[in-house]
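Colleague: Given next are the chains, with one letter for each unit.
There are 2 protein chains.
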Amino acid sequence: MLTSFDARTGVPLAELTASGPADIDAACAAAAAAFAAWQGSDGVTRGALLRALATALEAERESLVALADRETALGPVRLNGELDRTAFQLRRFADIAERGEPFKVVDDPAVAGAPPAGHPAMQRWRVPLGPVAVFAASNFPFAFSVLGGDTASALAAGCPVVVKAHPGHPQLSQQTFALIQRVLAAQGLPAGLIGGVQGAAVEVGVQLIRHPLIAAGAFTGSTRGGAALAAEAAARPWPIPFFGELGSINPVIALPTELAAQGAALATTLAGSIALGCGQFCTNPGVVVLIDEAAGLDARAVNDAFVAQLAEALKAQQPHAMLTAGMRRAFDAGVGHWAEAGAQFLQREAAADDQPPRPVLAQVGATEFIARAALRDEVFGPSSLVVRCASHAQALQVLQAVGGSLTVTVWGAQADSAPVRDLVRGAMAIAGRVLFAGVPTGVAVTAAQQHGGPWPSSTRPESTSVGDAALGRFLRPVALQEAPAWLTERAGRPL
Amino acid sequence: MLTSFDARTGVPLAELTASGPADIDAACAAAAAAFAAWQGSDGVTRGALLRALATALEAERESLVALADRETALGPVRLNGELDRTAFQLRRFADIAERGEPFKVVDDPAVAGAPPAGHPAMQRWRVPLGPVAVFAASNFPFAFSVLGGDTASALAAGCPVVVKAHPGHPQLSQQTFALIQRVLAAQGLPAGLIGGVQGAAVEVGVQLIRHPLIAAGAFTGSTRGGAALAAEAAARPWPIPFFGELGSINPVIALPTELAAQGAALATTLAGSIALGCGQFCTNPGVVVLIDEAAGLDARAVNDAFVAQLAEALKAQQPHAMLTAGMRRAFDAGVGHWAEAGAQFLQREAAADDQPPRPVLAQVGATEFIARAALRDEVFGPSSLVVRCASHAQALQVLQAVGGSLTVTVWGAQADSAPVRDLVRGAMAIAGRVLFAGVPTGVAVTAAQQHGGPWPSSTRPESTSVGDAALGRFLRPVALQEAPAWLTERAGRPL
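These protein sequences, in sequence, are chains A and B. Start counting the first sequence at 1; every next residue gets the next number (the UniProt record's numbering). Start counting the second sequence at 1; every next residue gets the next number (the UniProt record's numbering).
Bound conformation, chain A alone:
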C-alpha cells in the first residue's frame, strides 16, 4: 500500500495501490511498443503533445495546486509558480523539438582518394535511446515530477517514459497521470507513451531500472538513493546510462571586501535562500565560506559581523512544514551530526515534531571541515554551515574537500586578481554552475543552463537535468555510411 499524507498535520489522506511486478512489466512493454512510432515522429507531433500537456496542466491548475499543497505543504504561491515553470519547460522543449536543432544531421560528403584523407560519404544522426525510466523528486511536485523536465526532455527527444511517481505526493501524481492519459487519447497517441508506476518500496524503482526494455534512467533525489539506482543500472546484463541529479552542498564564498561593502543586504538575501521552501532545494546554500584575511581590512571583524547578521536574518525566517515526516527526522539528525562533529551553533531553536523546523546556522573552522567528512554531508532543510578560513589558500582546500557540487557562488570576484582567479578556478573545478551574484536557489530554464556537477552532485556531470541541453541526454549518435537517398532524406528522423 501507498499512503497519501497531509504534509502539515501528518494525517493520512488516502490509501493507494502500489505497482506490482506485473504492472511495472506492462508499463515498460507499453513504452517499448510506443517507441517504434514515437522515435520517428516529427517535431510538429512532439511539439503538439508537449503543448497540449502544458495547456492541460494550466487548465487543472486549481485542483492540482490544492492537492499538491496538501501533500507537500509548499504553499500555493510557490506551487503556482512551479506549475508555471513546468508548463514553460514543456513548451520550451516543444519549441526545441519543432526547430529540431538537437537532431541536426552532420553531413560529411565523400572525399576521393586513399585514407586517411579520403573517406566514404557519412551522415551523423542522433537517435533516441528508447524508453526512459524517470524517477520523480519529492521537492518539486510539478517541475521534477510526473510532467517535469525529465519527462518533457525525453518526450521531445523521441523517447517514451515510464515515470516512477514519488511517494511523497501520490494523489497529485495520480491526478497528473489521469490528465496525461486524456491528453494522449485526444492526440491519438498510445497510452504507453507516458506510463506511470508508484510505490514506496525500494523494489519498485529497482525493478524499473533493471527492466530489459528500459534504455536509460533519469533521477532527481538524494545521493544515497541515486547512487543505489546508478549501481543497479550499471549492474544490468546490458548496462544503461543513468542520469542522476543527487545531493549538493553548494558553497557560497563571500569575500570580505564584498561583505564590508554590502554585508547586511547579502545576509538578508542569503537567509532567504537558506530558508526558501524550508531549505528543500538541491541548490540550497549549505556552506558559507568566509576568509579571515584581506588587505587593508579587518576581515575577521567584517566576517563576524556578517555571521551575526545572517543568524539574525535566519531567526526572522518562518519556514513551512517539511515535505514528509521522514525528511524532518533526517533534518534533525543532520543538525545533530554537526553538533557531534563539534560545530558551534549561531542559530538553533527547538521546534516540536509537529511544527515546522526552525532555521539553523552553525560554524566550524576550515581545518575541522576538511578533516571531518560528516561536516560535508548534505543536511536537507533550512540550514547552513559557516566555514571560517585563515586564507585564500585554505578556502581553496575547502572547495577541494567538497569535491563536487551543483553550484558554487563567489561574491566579490568583480575585479580580476590572482587570489580571485584561484578561487574561481577552484569553483569551476568542482561545480556545474558558478554564480557571481545572487543565490544558487532558482535554476533558470535557459539555453546555457547547466544543472549537474562532479560527483557526488550528479552521476553524469557532462549532462544537465535543467535547460535546453537536457534533451541531448536521451540521444545517441549513429553514423550512416553510404546511405541510400531514401534514408538520408529523412534528415535524422529514425524509421
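No lab work stands behind these hints, which were simulated from the structure alone. Cβ coordinates follow ideal geometry from the N, Cα and C atoms, glycine included. Take the hints with a grain of salt, since some may be wrong.
To be verified - Interface residues of chain A toward chain B, partial, derived using beta-carbon atoms under 7 Å:
#1 Val106
#2 Gln450
#3 Glu462
#4 Leu495
Given chain A, put chain B in place with the hints provided.
Modeller: For chain B alone, coordinates are given in the frame of chain A:
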C-alpha cells in the same frame, strides 16, 4: 617484469621494467600538475604540440615501423599506413583545437522579468575534465596506442594523459614515450603532460583508473577487460567516466537480391575484410546474416552459392601471425566453442601453433544463433559465422540477439521497401555505424564518424573514440551566472 616478444617467432626480444605503485602515483601527480596550465592553454599551443608530435612520428617512421613490425607482425605496409593515420589524427585534432568549435561558449544574455521567462545572464562553457588514463590497444600499435586517437583528443581537449602502454608492444611504446618527451621539452611543456606506465599485470591498470587524480578513462580492447575497468571506475569513492570501446561482432546482412547481382565480387571483398590484419579489428565482420527468402528468386540457392564463394575466397587468404601467442590461443578456443555449439564448418584448416592461423568460416541456423549465447561471443581473428534466416523477421531477431555492435552492414538496401526499412531500423537500433556498401573494417577519421555502439560494443554509446566528436568526451559543461567581464572575455578558456 615485462617481456617484448617477436610476434612471428615468439622469441623474447627484451626485458623491460613494469611500473610499480610509486611510478603510477608519480605519473598521475605529474599529469595533475600539468593540468593547471594545460586546461587554460590556447588552441595555438595545443595545435603546436599535436603537430610537433605528428612530425616527430613521421621523422622516426623507419625505426618505429621496424620495431612495431617485430612486436606485432602486422607488416610494414599496414604499419606505415597506420602511422600515416596516426599523424593525420594528431593534425586533425590540432586543427580542431585551433578552430575551437568544441569550446564555443553558449552566450545567453539576461532576460528581464520574473521567472520562468526572465533569467540572469548565463554563459555555458565546456571545460576539460582533468588527467585522462588512456589504455592502449594491442591491435593498433600507433592509431590506438600511446599517441593514438584517445591521447590526441584528450590533449586537444585540454587534458593531460597517463597512457598505460599495451604489453603487446612494449619496446615500441617505450620508443614512442621517448619521442614524446623530446617533443615536450622542445615545446617548453612539462614532461608530465603525457605520462606513461607499463606492465602486463592487471594491477597496473586498476591502480591507474583508481588513482584519485585521474578524472576519466579511455580504453580500447576486449569486452572483458573493458567491463572490469569500467566497474573499477564506477566503484571509486569518486566515480569517473570511463569510455570503453570493447568487443563487437559487426553483423553483415547480405540480402539475396544483392547477392544474386554481385555475389562473387562481394564474397571476395568480404573475405578480404575478414582476414585483413589477421582479423584483429574491432570492426571485423564476425557474423554474416543471410535470408533464405526473396520474391521471384531462389534465395536459398543464391545464398548457398555465396557461402561457397566466400569459403573459397577465404581459403585463398594468407593471414599473417597474430599479435600474441595468447591471442592465438584465444582464437583457437573461440573457434572450438563454435564447434561445441553445433556450428557447421565451411572452411577450417589446421595450422601449427607457430604458424599463422588459417581463416575460418562456419554456419548455423538463426534459431541456434539466437538460443546459444556462446555463438554470439566475439572470436577475435580471421573468422566469420554465417547465420541462415528463414525470413526478414528472423533476421531482425538475430540483430536483437546481438544487442549491441560497433557496426551493422546492410547490403541491398538501395531501394525503399517495408522489409528493408525493418532491417535498417533493426540495424540502427543496435549499432553505432550502419554501412550500406563496402565492409566495416577501415574506420574513417571524419566529422561524422561514430565508433561506439550499444553495450557490449562500448561502455558509453553516446560517445565515439574515432572522429571529431571524440574530443567532446573529455569536456564537461560549466554555466557561469552573471560572470564578470574579465572572465567572460576568456571565451571558454579556463583560468
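Colleague: Does the interface hint hold: is Glu462/A within less than 7 Å of chain B, judged Cβ to Cβ?
Modeller: holds (5 Å)
Colleague: Hey, does the Val106/A contact hint survive, CB to chain B under 7 Å?
Modeller: Hint on Val106/A: holds, closest Cβ of chain B at ~5 Å, below 7 Å.
Colleague: For the hint on Gln450/A, does the least C-beta distance to chain B fall short of 7 Å?
Modeller: With a closest approach of 4 Å, the Gln450/A hint holds.
Colleague: Does the closest beta carbon of chain B sit nearer than 7 Å to the beta carbon of Leu495/A?
Modeller: Holds, because the Cβ-Cβ distance from Leu495/A to chain B comes to roughly 4 Å (cut-off 7 Å).
Going down the numbered hints, you'll see the structure goes against none, and every one checks out.
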